[in-house]
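S.K.: One-letter residues, chain by chain:
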Amino acid sequence: MEAKVLDSWVLAEFATPDALVDATRQMREKGFQGMDTYSPYPLHGGSEALGLPPSRVPFIALGGALTGLVTALAMQTWMNTIDYPLNIGGRPLLSLPAWVPITFELTVLFCAFGIVFGLLGLSRLPQPYHPAFEFEAFRSASTHGYWLSVPHPTGQDATDTTNQLKSLGATQVTVVSGENE
Amino acid sequence: MTAMERYTGTPKLMVPAFGLGVVGLVLTAVGFFMNPEATSFSYLLGFTYWVGISVAALIMLAIFHTAKAKWLIVLRRTMETMAIAVPVFAVLFLGLIPALKYLYPWFPGSPLLANIHGVELEHLAHKQHGYLNPTFFAIRQVIYFAVWIFVSTRLHGWSTKQDEAGGLDLTVKQRRFSPGALPFLGLTITFAAFDWLMSLTPMWQSTIYGVYYFSGSFLAAFCVLLLATVNAQGKDLYGSVVKTPHYHNLGKLMLAFTAFWAYIAFSQFLLVWIANIPEEAPFYGLRMFGPWRPLSIALFWLHFVLPFFTLLSRKLKEQPRKLAVVGVYLLLIHAVDLYWLIWPAFSGEAGPTFHWTLITAWVGVGGVSVGYALFRARGRYTLPVKDPYIAESLRYVQP
Chain A
1 MEAKVLDSWV
11 LAEFATPDAL
21 VDATRQMREK
31 GFQGMDTYSP
41 YPLHGGSEAL
51 GLPPSRVPFI
61 ALGGALTGLV
71 TALAMQTWMN
81 TIDYPLNIGG
91 RPLLSLPAWV
101 PITFELTVLF
111 CAFGIVFGLL
121 GLSRLPQPYH
131 PAFEFEAFRS
141 ASTHGYWLSV
151 PHPTGQDATD
161 TTNQLKSLGA
171 TQVTVVSGEN
181 E
Chain B
1 MTAMERYTGT
11 PKLMVPAFGL
21 GVVGLVLTAV
31 GFFMNPEATS
41 FSYLLGFTYW
51 VGISVAALIM
61 LAIFHTAKAK
71 WLIVLRRTME
81 TMAIAVPVFA
91 VLFLGLIPAL
101 KYLYPWFPGS
111 PLLANIHGVE
121 LEHLAHKQHG
131 YLNPTFFAIR
141 QVIYFAVWIF
151 VSTRLHGWST
161 KQDEAGGLDL
171 TVKQRRFSPG
181 ALPFLGLTIT
191 FAAFDWLMSL
201 TPMWQSTIYG
211 VYYFSGSFLA
221 AFCVLLLATV
231 NAQGKDLYGS
241 VVKTPHYHNL
251 GKLMLAFTAF
261 WAYIAFSQFL
271 LVWIANIPEE
281 APFYGLRMFG
291 PWRPLSIALF
301 WLHFVLPFFT
311 LLSRKLKEQP
321 RKLAVVGVYL
331 LLIHAVDLYW
341 LIWPAFSGEA
351 GPTFHWTLIT
361 AWVGVGGVSV
371 GYALFRARGR
381 YTLPVKDPYI
391 AESLRYVQP
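Chains as they are written, first to last, in full-length UniProt numbering: chain A, 1 to 181; chain B, 1 to 399.
Read the hints as simulated data drawn from the structure, not as lab findings.
Don't take each hint at face value.
[Stated by the list, open to error] Quick list of simulated restraints, FRET-style, between CB atoms:
1. A:44 - B:319: 38 to 48 Å
2. B:397 - A:112: 40 to 50 Å
3. B:166 - A:153: 37 to 47 Å
4. B:117 - A:87: 24 to 34 Å
5. B:166 - A:112: 18 to 28 Å
6. A:96 - B:282: 20 to 30 Å
7. A:94 - B:318: 15 to 25 Å
[Unchecked claim] Counterexamples of contact, computed for chain B against chain A with all Cβ distances above 10 Å:
8. 36
9. 95
10. 129
11. 133
12. 141
13. 249
14. 256
15. 269
16. 270
17. 276
18. 312
19. 375
[Claimed, not checked] Going by beta-carbon spacing under 10 Å, a handful of chain A positions derived as facing chain B:
20. 133
21. 137
22. 140
Ideal placement from N, C-alpha and C gives every residue a C-beta, glycine not left out.
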């Protein structure tokens, strides 16, 4: 097993979202991988510039929905026909139309759970610590700054990456190192 | 941009539509002399199918104006064209007049009255007479068409006037007028559904019935809008400026209204089923048991489950031609849905029978109304070219 080493990133701030998306795309075309963008609100074209694969959240959502559907149908069938059968107005014990509202609700609920927790899980959120947080200026990512992080081998010279980011219009560039997760 | 040129009314589409329509209507008229009962129901199906699409387009237009939606401005003229076809239905409604006594048991001289006995007959004669009588029926029809023609001509008129004059004030007018018109549109289509369709079985009432008719029509209207746009995709046509996000949105709306239709259909069914009251249950009893049962079950699978899961796919919604296939399918299934609503009142226990006038009436009303809509579109721009937000609509992207 390899010994664990610290991870490093080159962080670059851009003045506008368009500059960030543009720089991201160009850096990716130059062959940089594992980059990430940080902005106070969703970026138009951000995921395309990063070259992210299609999200897996829809499949988790569908899985959640189907789980809810089956759970609700099984639960009501078991309760109303096996565990506590009640004759209501002479209707059959297995009255599927009456099951539908609960089934609908549970399907929606589990689907929503799938979306929320699937998204949090895939994005590894909540993230209480990341080495980038050590850099004070990075706080602007939650108010008015548009940041790009480029992974960088720890301990090696980052001048080349820094210069490339500056030539793409970065207003400030820094290198952070630390323990990621 | 050549897509900004005026629509010249290509005879390629308009003439065959009119021709087919007239042939269909003539054949239907012949059918009426051969078999007035069946033909009356066929014509009602054709009429309610197409007028529903036109009025749904009008409501959609008013909703989008109310919401100040910008993305659909490139599609708006097509919606306005669909809505402006309403006057032709006022004329086509005249064809329904000789059919009324074959359709509605409450109509004086109806042969169907013989099937109604005892308490039901008394109910019909006294309690419902104040509403279901020819005079009030006629007054209501005048109100419906007056409201629809008024609203559609105002919105279409301002929009086309803006093509020449430009300026923001005409946009403001449309946006102020639409929210005020919406309650009237909602009430008229609800009562129109009560009058045309629900009073086929006067003993049976459902307050959600209007929404049911509307939800199917709304879905069909999106499909027609989609097909018209896909059809205009060629070079220099307005469809060439309609981009993937617009189609994606149309697909999303189709998905939403597939689910909405199912929601309304089930809401109506559940309350009747769970209450199981003698005066309400027969409507579903007829359709749930016996020869109508397979069609009712098929409708659930084919009008909800299949299109719902098909339209879930994002890739599909972003491919106009594939989405158009779903659109055609939904338009056909909407006709089956109306058949399911209307025909049991005619054939009853005999089950889903077929009469050739079903096709001729549907094609007849459809051909004439599509032809008329294209006729109204002639000489106008296919886009609201001077709308202040048209540029924003053209470069719309998914938020």
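S.K.: Against this structure, judge whether each hint is valid.
M.R.: Each hint tested on the structure:
The beta-carbon spacing between residue 44 (chain A) and residue 319 (chain B), approximately 22 Å, falls outside the hinted interval of 38 to 48 Å. Checking the proposed 40 to 50 Å range against residue 397 (chain B) and residue 112 (chain A) shows it is violated: the Cβ atoms sit about 26 Å from each other. Distance hint check for residue 166 (chain B) and residue 153 (chain A): the Cβ-Cβ separation is about 60 Å, which falls outside the suggested range of 37 to 47 Å. Take residue 117 (chain B) and residue 87 (chain A): their Cβ atoms lie about 33 Å apart, and the range 24 to 34 Å holds.
Checked against the hint of 18 to 28 Å, the C-beta distance between residue 166 (chain B) and residue 112 (chain A) comes to roughly 46 Å, which is inconsistent with it. Checked against the given bound of 20 to 30 Å, the beta carbons of residue 96 (chain A) and residue 282 (chain B), roughly 21 Å apart, stay inside it. Checking the proposed 15 to 25 Å range against residue 94 (chain A) and residue 318 (chain B) shows it is violated: the Cβ atoms sit about 42 Å from each other. Residue placement check: residue 36 (chain B) keeps its beta carbon more than 10 Å from all beta carbons of chain A (closest about 38 Å).
Chain A leaves residue 95 (chain B) outside its interface by the beta-carbon criterion, the shortest separation being 39 Å against a cut-off of 10 Å. The claim that residue 129 (chain B) lies off the interface holds: its Cβ sits roughly 33 Å from the closest Cβ of chain A, which is beyond the 10 Å cut-off. Against chain A, the non-interface label of residue 133 (chain B) holds: every CB pair exceeds 10 Å, the least being about 36 Å. Listed as a non-interface residue, residue 141 (chain B) keeps its Cβ farther than 10 Å from every Cβ of chain A; the least gap is roughly 36 Å.
Listed as a non-interface residue, residue 249 (chain B) keeps its Cβ farther than 10 Å from every Cβ of chain A; the least gap is roughly 16 Å. Distance to chain A confirms residue 256 (chain B) as a non-interface residue, since its nearest Cβ pair spans about 14 Å, more than 10 Å. Taking the minimum C-beta to C-beta distance to chain A, about 7 Å, the non-interface status of residue 269 (chain B) is violated against the 10 Å cut. The Cβ of residue 270 (chain B) sits about 6 Å from the closest Cβ of chain A, inside the 10 Å cut-off, so the non-interface label is violated.
Residue-level check failed: residue 276 (chain B) sits 7 Å from the nearest beta carbon of chain A, not beyond 10 Å. A Cβ of chain A approaches the Cβ of residue 312 (chain B) within 10 Å, the least distance being about 8 Å, so the stated non-interface status is violated. The Cβ of residue 375 (chain B) sits about 42 Å from the closest Cβ of chain A, beyond the 10 Å cut-off, so the non-interface label holds. Among the interface hints, the one on residue 133 (chain A) is violated; its C-beta lies about 29 Å from the nearest C-beta in chain B, farther than the 10 Å criterion.
Hint status for residue 137 (chain A): violated, given a least beta-carbon distance of 29 Å to chain B, over 10 Å. For residue 140 (chain A), the interface hint is violated, the least distance from its beta-carbon to any beta-carbon of chain B being 24 Å, above 10 Å.
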